[in-house]
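Following the hints, put chain U in place on chain F, whose structure we already have.
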Amino acid sequence: MLELEGLRKSYGDRVALDGVTFSVRPGELYGFVGTNGAGKTTTMRITLGVLEPDAGTVRYRGKPVDAETRRTFGYMPEERGLYPKMRVGDQLRYLAELHGLSRAEADRAATYWMERLSVIERAGDRVEALSLGNQQRVQLAAALVHHPAVLVLDEPFSGLDPVGVDNLAEVLRERAAEGVPVVFSSHQLELVERLCDSIGIIYRGRMVATGTVDELRASRSERVLRVGTDAAAGWADRVPGVVSAEYPAGAATKLLLAPDADDQAVLDAARALGPVREFTPLRASLAELFREAVADHDGDRADGTAGTDGPGAAATSGPAAPSDTADTSNADGPAAEGARA
Amino acid sequence: MNRSAMRLVMRREFVERGRDRGFAIAVGISLAIVLISVLIAALVSSKNKTPSFDVGFAGGRAAVEQQYAEQVAPNYKIKLSSTIVPEDGLDLARQQVKDGKLDALVVDGQVYVQDTVDAKLEPVLAGANLAAQVPDLARVQAQSTVKLAPKDPDAGQRKTVALIAEITLFSQMIAYCMWVATGVVEEKSSRVIEVLLSTVTPRALLTGKIIGIGGLGLLQLGATVAVGLGAGSATGALHISGQVWQTVGIVAVWFVLGYIFYSSAYAAVAARVSRQEEMQTAVQPLNLLLMVPYFTAFAAIGNPDAGWVRTLSLIPPFSVLIQPVRIAGGDASWWEPVAAVGLMAVATVGIVLAGARVYENSVLRFGSKVSLRAAWTAGRKA
Numbered sequence: 001m002l003e004l005e006g007l008r009k010s011y012g013d014r015v016a017l018d019g020v021t022f023s024v025r026p027g028e029l030y031g032f033v034g035t036n037g038a039g040k041t042t043t044m045r046i047t048l049g050v051l052e053p054d055a056g057t058v059r060y061r062g063k064p065v066d067a068e069t070r071r072t073f074g075y076m077p078e079e080r081g082l083y084p085k086m087r088v089g090d091q092l093r094y095l096a097e098l099h100g101l102s103r104a105e106a107d108r109a110a111t112y113w114m115e116r117l118s119v120i121e122r123a124g125d126r127v128e129a130l131s132l133g134n135q136q137r138v139q140l141a142a143a144l145v146h147h148p149a150v151l152v153l154d155e156p157f158s159g160l161d162p163v164g165v166d167n168l169a170e171v172l173r174e175r176a177a178e179g180v181p182v183v184f185s186s187h188q189l190e191l192v193e194r195l196c197d198s199i200g201i202i203y204r205g206r207m208v209a210t211g212t213v214d215e216l217r218a219s220r221s222e223r224v225l226r227v228g229t230d231a232a233a234g235w236a237d238r239v240p241g242v243v244s245a246e247y248p249a250g251a252a253t254k255l256l257l258a259p260d261a262d263d264q265a266v267l268d269a270a271r272a273l274g275p276v277r278e279f280t281p282l283r284a285s286l287a288e289l290f291r292e293a294v295a296d297h298d299g300d301r302a303d304g305t306a307g308t309d310g311p312g313a314a315a316t317s318g319p320a321a322p323s324d325t326a327d328t329s330n331a332d333g334p335a336a337e338g339a340r341a
Numbered sequence: 001m002n003r004s005a006m007r008l009v010m011r012r013e014f015v016e017r018g019r020d021r022g023f024a025i026a027v028g029i030s031l032a033i034v035l036i037s038v039l040i041a042a043l044v045s046s047k048n049k050t051p052s053f054d055v056g057f058a059g060g061r062a063a064v065e066q067q068y069a070e071q072v073a074p075n076y077k078i079k080l081s082s083t084i085v086p087e088d089g090l091d092l093a094r095q096q097v098k099d100g101k102l103d104a105l106v107v108d109g110q111v112y113v114q115d116t117v118d119a120k121l122e123p124v125l126a127g128a129n130l131a132a133q134v135p136d137l138a139r140v141q142a143q144s145t146v147k148l149a150p151k152d153p154d155a156g157q158r159k160t161v162a163l164i165a166e167i168t169l170f171s172q173m174i175a176y177c178m179w180v181a182t183g184v185v186e187e188k189s190s191r192v193i194e195v196l197l198s199t200v201t202p203r204a205l206l207t208g209k210i211i212g213i214g215g216l217g218l219l220q221l222g223a224t225v226a227v228g229l230g231a232g233s234a235t236g237a238l239h240i241s242g243q244v245w246q247t248v249g250i251v252a253v254w255f256v257l258g259y260i261f262y263s264s265a266y267a268a269v270a271a272r273v274s275r276q277e278e279m280q281t282a283v284q285p286l287n288l289l290l291m292v293p294y295f296t297a298f299a300a301i302g303n304p305d306a307g308w309v310r311t312l313s314l315i316p317p318f319s320v321l322i323q324p325v326r327i328a329g330g331d332a333s334w335w336e337p338v339a340a341v342g343l344m345a346v347a348t349v350g351i352v353l354a355g356a357r358v359y360e361n362s363v364l365r366f367g368s369k370v371s372l373r374a375a376w377t378a379g380r381k382a
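Quick note, the sequences are listed as chains F and U, same order. According to this note's numbering, the first sequence is numbered sequentially starting from 1. According to this note's numbering, the second sequence is numbered sequentially starting from 1.
Only chain F is shown next, with the shape it has when bound in the complex (with noise of 0.2 Å):
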């Protein structure tokens, strides 16, 4: 089990990470999703020893994380990072080495790894003759290639072809099949949603829900329904635990219920108008799940000291809601900076 607990961390004055903590078990797949600039990153790096926290742990099998167990981790950054003049086979036997891997271990798995996402015709070129989808299978052979016992990938989805995502989500499966704890982060929703047995939610340094799509469901205050009816626009205003209601023209009408509302008796209620061909609680995607979660907590750092995933990212702070709930405590941030998270 990979643990994260009360990781702290600020850049001068901006505070990236405030106290995140969540954990991973053996053979789990977890999805990390954030907006832009949440933490994501900043909270990979430090799981990584790459930056140092300024408080908090990190833990696994029960014990902090050291430079000897850190080697056996599997780690893919962000921003890929090759040699770009250095030859595919050689640079996969080498990180396989510097991970604690025998030569003759490391040239086995640099050509297992090869073959496997078919990079292997390419092994005597150097990384900067690969086409981009290539060179990002050979980054994905350098973060697996010495049978991490942690696997960490930053957005390791980003830029893939379909094809490419299906490999990917198949190796990632299989490794978490083999017992290894699965961090990834992604901005696709859809695909963490299909792919992940948890999911965390990070939000300006902060963890504002985590549990499986299921829990994260049921904590969810609101259902909707979709009633598909005859009777007239504004029927159900007046039912009992209607919180809302929209009645598009030609289409079943869209509920939102109370979190203590009987559904049965808005049925009841659409039945005594006539017939009722549709009648279904919507389950709520991740996407919307999420803008749930960050809106909930837009208000929670109303200084607007929002965290950023390294120095570089300064600019990126403020409101990045993938959604229409602009953080009004922070009237420059135009709905454009929202529309890159």
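Quick caveat, the hints were computed from the structure, so don't treat them as lab data. There's no promise every hint is true.
Lysine to any residue pairs mimicking SDA-like chemistry, simulated, CA-CA at most 20 Å apart [unchecked claim]:
id	chain 1	residue 1	chain 2	residue 2
1	U	79	U	67
2	F	85	U	23
3	F	85	U	18
4	F	85	U	15
5	F	85	U	25
6	F	85	U	21
7	F	85	U	16
8	F	85	U	178
9	F	85	U	276
10	U	369	F	12
None of the values given here were measured: they were computed from a predicted structure.
Below, chain U without anything else, positioned relative to chain F:
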């Protein structure tokens, strides 16, 4: 564990840089320079070679004349190979003089030559002529020289060796330090640094890089020395003495010290920037810090025993390039190089520690140039 990581980094730098075309070109150029300078030296020194003469002696006094001439020839700095020409060989010998196969034929006080007697040969033959007319040759007192202010016979060679040592040291140091700087920025700009630092400490990475690239530098130095000495002794331009080996030793020691000193500084400066173009500007002050002692060294080479040269040759980092100049001088005290190396070693330890600190604090800060203050104080915690 960290040491093995450092060794891996070292090996990578050595192998990858060694495979780089830049290295082959650098070695090729330096070897070409050495070869050319040796050839020039060989040509120049062959002009100053001791001239040699073939002389035939004939007639009744031939034996005495030959004996005397052979005896005094070295005093006149000529090489003499002489033969006694028998009576019936005279015609042939005269023909040989005519053809230029013999430089002179001496027969009873007559000197047969093509046109004139060579100025260097003349006094020897004149002396022989006189000596042959003295009844008892053993009683002729030889003239001897007493040197009151002797010149070092190797002074010229010393100066040349010091000059070559200077040029080699400087060009090697600047080239390999730039490689370190380029390597640091390469890791930063490609962001591979992040992957590396998840498994290696910054210090191990820096140390491995400096040692690996420095190893290549020593390799090049070794090749240069081998080719230089080989060609030098083959062409006779250089006479290999203890002094030459001493020079090689001095250059090696100063290269190692100077390289460690400067490369740490170059690495620290390079770690503060994120792109190669910025690096070029950032290392300018360091280039200057190498070039000023270098040009000072050229001024010093003409007067290697002057007081200011002695003083500068002790002060780091001037000592790196000024101390080898003292090779050209004859009278360094034993303690001078020892003190210079000692002081430089202390300075090097200091700069290595400072450089590692700046490197460690800067290498993960991307974007604009890291301020010196942040680089000095912040730590990875920032």
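Hint-by-hint comparison with the structure:
The straight-line distance between the Cα atoms of residue 79(U) and residue 67(U) is roughly 14 Å, inside the 20 Å bound, and the hint therefore holds. Distance hint between residue 85(F) and residue 23(U) is fulfilled; the C-alpha atoms sit about 14 Å from each other, no more than 20 Å. Proposed proximity of residue 85(F) and residue 18(U) is supported: the alpha carbons are some 13 Å apart, at most 20 Å. For the proposed pair residue 85(F) and residue 15(U), the alpha carbon gap of about 13 Å is at most 20 Å, so the pair holds.
Restraint check for residue 85(F) and residue 25(U): the C-alpha separation of about 17 Å stays at or below 20 Å, so the hint holds. Between residue 85(F) and residue 21(U), the direct Cα distance comes to roughly 12 Å. Compliance with the 20 Å bound is thereby established for this hinted pair. Restraint check for residue 85(F) and residue 16(U): the C-alpha separation of about 9 Å stays at or below 20 Å, so the hint holds. Distance hint between residue 85(F) and residue 178(U) is fulfilled; the C-alpha atoms sit about 17 Å from each other, no more than 20 Å.
Pair hint residue 85(F) plus residue 276(U) holds up; C-alpha atoms about 15 Å apart against a cutoff of 20 Å. A C-alpha spacing of about 16 Å is found between residue 369(U) and residue 12(F), which places the hinted pair at or below 20 Å, so the restraint holds.
Of the numbered hints given earlier, the model fails none.
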